[in-house]
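Now for the letters of each chain:
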Amino acid sequence: MIGSLILDILSWALLIGGGALVFIGGVGALRMPDVYTRMHAASITDTLGTICVLLGIILQAGLSFAAIKLAAIMIFLLLTTPTAAYALANAARLAGVVPVRRAAGEGDSS
Amino acid sequence: MITLFGVFLLTLLVITTVGIVRTQNLFAAIMLMGIFSLQIAAVFFILDAADVALTEAAVGAGIATVLLLGALALLDDTERRGRRASRLAAVVVAAGTLLILYATFDYPRLGDPAAPVHQHVAPWYIAETPRLIDTPNVVTAILASFRGYDTFGEVFVIFTAGIGVLFILANGADAARRSDLPSSDVQGLRHHLVPRLVGRLLMPFLVLFGLYIQFHGDFGPGGGFQAGALISAGLILYALVEGERAALRLVPQRVLTLLTVAGALLFVGVGCACMLLGGNFLDYSALSADAVAGQHLGILLVEIGVGLTVSGVLLTIFHTFAARERA
Amino acid sequence: MAVLGLYNYWVFALLLMIGLYVVISRENLVKKLIGLSIFQSAVFLLYISMDKVDGGTAPILRADAENQLYSNPLPQVLILTAIVVGIATLALGLAIAVRINEAYGTIEEDELLEMDRE
Numbered sequence: 001m002i003g004s005l006i007l008d009i010l011s012w013a014l015l016i017g018g019g020a021l022v023f024i025g026g027v028g029a030l031r032m033p034d035v036y037t038r039m040h041a042a043s044i045t046d047t048l049g050t051i052c053v054l055l056g057i058i059l060q061a062g063l064s065f066a067a068i069k070l071a072a073i074m075i076f077l078l079l080t081t082p083t084a085a086y087a088l089a090n091a092a093r094l095a096g097v098v099p100v101r102r103a104a105g106e107g108d109s110s
Numbered sequence: 001m002i003t004l005f006g007v008f009l010l011t012l013l014v015i016t017t018v019g020i021v022r023t024q025n026l027f028a029a030i031m032l033m034g035i036f037s038l039q040i041a042a043v044f045f046i047l048d049a050a051d052v053a054l055t056e057a058a059v060g061a062g063i064a065t066v067l068l069l070g071a072l073a074l075l076d077d078t079e080r081r082g083r084r085a086s087r088l089a090a091v092v093v094a095a096g097t098l099l100i101l102y103a104t105f106d107y108p109r110l111g112d113p114a115a116p117v118h119q120h121v122a123p124w125y126i127a128e129t130p131r132l133i134d135t136p137n138v139v140t141a142i143l144a145s146f147r148g149y150d151t152f153g154e155v156f157v158i159f160t161a162g163i164g165v166l167f168i169l170a171n172g173a174d175a176a177r178r179s180d181l182p183s184s185d186v187q188g189l190r191h192h193l194v195p196r197l198v199g200r201l202l203m204p205f206l207v208l209f210g211l212y213i214q215f216h217g218d219f220g221p222g223g224g225f226q227a228g229a230l231i232s233a234g235l236i237l238y239a240l241v242e243g244e245r246a247a248l249r250l251v252p253q254r255v256l257t258l259l260t261v262a263g264a265l266l267f268v269g270v271g272c273a274c275m276l277l278g279g280n281f282l283d284y285s286a287l288s289a290d291a292v293a294g295q296h297l298g299i300l301l302v303e304i305g306v307g308l309t310v311s312g313v314l315l316t317i318f319h320t321f322a323a324r325e326r327a
Numbered sequence: 001m002a003v004l005g006l007y008n009y010w011v012f013a014l015l016l017m018i019g020l021y022v023v024i025s026r027e028n029l030v031k032k033l034i035g036l037s038i039f040q041s042a043v044f045l046l047y048i049s050m051d052k053v054d055g056g057t058a059p060i061l062r063a064d065a066e067n068q069l070y071s072n073p074l075p076q077v078l079i080l081t082a083i084v085v086g087i088a089t090l091a092l093g094l095a096i097a098v099r100i101n102e103a104y105g106t107i108e109e110d111e112l113l114e115m116d117r118e
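Residue numbers (my numbering), protein chains in the order written: chain V, 1 to 110; chain L, 1 to 327; chain W, 1 to 118.
If you are wondering where the hints come from, they were derived from the structure by calculation, not from laboratory data. Any given hint could turn out to be false.
[To be verified] Here are the simulated distance ranges between beta carbons:
1. V:Leu77 x L:Ala73: 25 to 35 Å
2. L:Asn25 x V:Gly3: 18 to 28 Å
3. L:Leu12 x V:Ile68: 29 to 39 Å
4. W:Leu4 x V:Gly19: 21 to 31 Å
5. L:Ala103 x V:Leu78: 39 to 49 Å
6. L:Phe5 x V:Leu77: 16 to 26 Å
7. L:Trp124 x W:Glu111: 48 to 58 Å
8. W:Gly105 x L:Leu258: 34 to 44 Å
9. L:Val92 x W:Val43: 37 to 47 Å
10. L:Leu250 x W:Ile24: 41 to 51 Å
[Unchecked claim] Residues of chain V clear of chain L, computed beta-carbon distances all greater than 12 Å:
11. Tyr36
12. Leu54
13. Ala72
14. Leu79
15. Leu94
16. Val100
Heads up, the beta-carbon is just placed ideally off N, CA and C, and yes, glycines get one too.
Input sequences plus hints: build the corresponding full structure.
Laid out in C-alpha cells, this is it:
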C-alpha cells in the first residue's frame, strides 16, 4: 500500500520534472542567440528529459515486459539523439557558422 | 485525456504546415516535413491504427526525408518567391476550406460506433478472420489475403517507380566504377568518429528489427512494407556513414535489382501456383491440404515478396540519387 | 464535446487546403512536391479518423478478451497502400525535377515556361 503510494509519487515527480526540463529546453532553443547554444539548450530535452520521462513511465509499468522495452527505448534514444546533435553541430561548423562572441568586458556587469 | 493529447498533436500539425508554407529555405521545409510525418504518425497511433503509424514513421519520416535531401543535394536549396496570382490562390483555397468545413457538420462524430463505415464489410472481416485465416493481425490478413489483389498492384506500382527513376537518372553501368572523383571528396564520414561508431553499432540492430517486423506481421503491427523500409533505412545509414562506394560493395546494384525482381516474381508466382493447384488467382487456400495452413503459407510468401521489392526499390532509388553528380 | 468530435475533420480540411495552396501558388517544383505530400497526408488523416471506434483498440485480435471492440481495419489497409504509393510518386517526381534542373538550369516554374516559349 505504502510502497505503491511511494512509487506513484516518485513517478509523478519524475514525469513532472521531465516535462519541466523539456519545457526549459524548448524555451532555451527559442531564446539562445546562435546555432550552437540553441542546440546545447535543446539537448537537455534529449538527455535528462528523456531519462526522467521514461523512468517515470517505467515506474508506472512495474516489473514487466513493458518495462524492459521502455529501458531498451531509453538506451536507443540516449545513443542516437546526442549523435544527431553532434552531427548537426559538426555540419554547422563545416558550413561556416561562427559562434556568437562577445568581447571580454562588454555587457559584463561585475 | 488522450483526446487532449490528440487535439494538441493536430494543432501542432497545422502549425508545422503553416511553417512549411512560409519558409523559403527548402532545407528547412524538408526538415519540417519530417517533423510533420512524425506528428501524423503519432496521431495515427492514437486513432488505433498501429500498422499505419509504423509505416508512416518509417516511410514518411525516414525514407521520404532521405529522398528529398538526396534530390536537394542536386538542386538549389532556396526557393525564389514569385508573385504570380498568389491572391487568387488564397481566395480559392479559403473558399474551399469553408466549403469542406461546412460539409464536415454532416459527418458522424469521431468514434461513433453507429457510423455507416462500421456497418458493412468491417464486422464481417473481424468476425471471419479467426475462422478463415487465423492470424491475430486483421490488417495483415486483409492486406495480404482478402484484398491481396490491391497489394499485388501496389507492389508493381513501387516496382515501376524504381524502374522509372532508373530510366530518368541512372548514368549507366560505369557510374559506380568511376575513378575520377575529386580529391577533396571525403568518402562518407571517415573523419567523424562519433557518428561512424554509433552508426556501425546500430546498423545490425536496424536490419534485425526489420526482419523481426517482416516475420511478425501476422501477430502484431508489421508486414512487408514496414520491414522493407526499415531494412533499406539500415543500409542507407551504412551508405551515409561509410560512403557510397563501400555501400555498393556491400550490396551491389546487381543484388538490389535481383531483390526487386525476385519480390515481384514471388508475388506473381504464388498467385499462379494457386491457379495451378486448382483455386483462383491469389486464393491461398489451394496451397495446402488444410485451407488455413494454405492461407498462412500464402501470406508468409507474399509478405516476403513485398519486403524484398520495397527494400530493393528504395535502395535503388537512394543509390541512383546519390550517384548523380551535380550538374 | 461535439466540437472535439469533429476536430479531426476540421484539421483535415485545413491541411488539405494548405497543401493545395502550396501546389498552386508556389513556383518551385520541390516545394510543389512537398505540398502534394501534405495533401496526401491530409487524406490519410481523414480515412484513419473514420476508423476509430469508441472503446475500441487496434484491430489485433486477442484470444483472451471476449467482448473486445476493435477499430475498423479496412481504412487502415487502404491507407497502407496509399502511403507507399505516395512515396513512389514522390521519388519519380524528384527524379524528373532533377532532370529538369539539368536541362534548363532552374526549377522555378515561371522561368521554365519563359524558356519554353522562346
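Hints the structure violates: just list their numbers, smallest first. 2, 9, 13, 14, 15
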